[in-house]
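Q: These are the residues of each chain, in order.
There are 2 protein chains.
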Amino acid sequence: MVKNPAPDATRRSEKSRRAIYAAALALVGEIGYPRTTVEGIAARAGVGKQTIYRWWPAKADVLLEAFLDLGEQAARAAGQETPALPDTGDLAADLKAVLRATVDEFLDPRFDAPARALAAEGLVNEELGRRYVARLLEPQLQRYVDRLRAAREAGAVRPDVDPRIALELFVSPLAQRWLQHTGPISHDYTDTLVDYALYGLAPR
Amino acid sequence: MVKNPAPDATRRSEKSRRAIYAAALALVGEIGYPRTTVEGIAARAGVGKQTIYRWWPAKADVLLEAFLDLGEQAARAAGQETPALPDTGDLAADLKAVLRATVDEFLDPRFDAPARALAAEGLVNEELGRRYVARLLEPQLQRYVDRLRAAREAGAVRPDVDPRIALELFVSPLAQRWLQHTGPISHDYTDTLVDYALYGLAPR
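Read top to bottom, the protein sequences are chains A and B.
The opening position of the first sequence corresponds to residue 1 in full-length UniProt numbering, with each subsequent residue numbered one higher.
The opening position of the second sequence corresponds to residue 1 in full-length UniProt numbering, with each subsequent residue numbered one higher.
Here chain A stands alone, though its shape is the one from the complex (with noise of 0.2 Å):
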């Protein structure tokens, strides 16, 4: 109702919404997504839940912005504005780079343990699942499209290369043994992967 609001109830809003998504990553970390509700939600948050109804229609989607902003939090504090991986024009070096940040983002528990709830619950839950990817993963996999669209026209690439399928030989082993357990994730291992997939496993 209010189009332009004052800025002291801007202010209001600004940190209603920070509550909100700390207590629905909270919340989805500790009990699940199939336990968390927008109820339990607002009553962490402190807030109603008309309150969280005015903004979003469904725990779904409060979750999914909440880690959109968590994943813009994690970029500022890193000090990358934006959200193009480097191009130093030494590929191998910038794709280290990029995946190293990822390890620990895995390794950190306040991600860790919500993503890995909104993961499982995607996999089971085909329409969560595919708004999941198109909202979140899809974006971050654009980012290595557009990496190696630009190594392939400096010839750092095989001209016959997809881009698209050629991200998958470093991002899906990573995200496969962090999901899943089934191997440690250290920096050594996504440098190893960054080099195995570049310059392959025959020799040369």
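Hint data in this document are derived by calculation from the structure and do not stem from the laboratory.
Relax, there's no trap hidden among the hints.
Not the full set, but computed from the structure, chain A residues with beta-carbon under 8 Å of chain B:
no., residue
1, Val124
2, Gly129
3, Glu168
4, Gln176
Even glycine gets a Cβ: it sits at the ideal position worked out from N, Cα and C.
Starting from the known structure of chain A, arrange chain B on it as the hints suggest.
A: For chain B alone, kept in the frame of chain A given last:
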């Protein structure tokens, strides 16, 4: 109690075991892992729940055994008596053949629904997840380790390549697309993964 069961008892046991496996896979695919119970499996299989507890300590064990059995049945149906990967001397062709068969399996709803439900639960239930990986996933990955090690000895893979990491370049992308619906899966797709992994993204 019966140390040397009569042939009739053995046949009855085998029939019950099959019925229990089928019931467990059907239920977890239909209602998910959390809502599947030993009681529910027993009722659907037409056996008493004590029959299940005589053989397995918990529902996780029933499901993992049912899955292992499903894999063995699929291998027998495909005429693969041995669990080893083919070794025709052509590494790319052998990997492509196995990954094409895996794509077919992932596209089969009888496999997809229970596998997805179990994988999802494994993401949030760490104990089940570790058993799922140790009993089901890792033995399959070890077949790739063996094949890549043979290829390394034959000079088709660089001597410094770690087979346990290398296999993830083609296995993990397929697993992620299947589990998270991050892209379509097909024989063309897995063929491309093998080519990229073996020959690298950088120009030769």
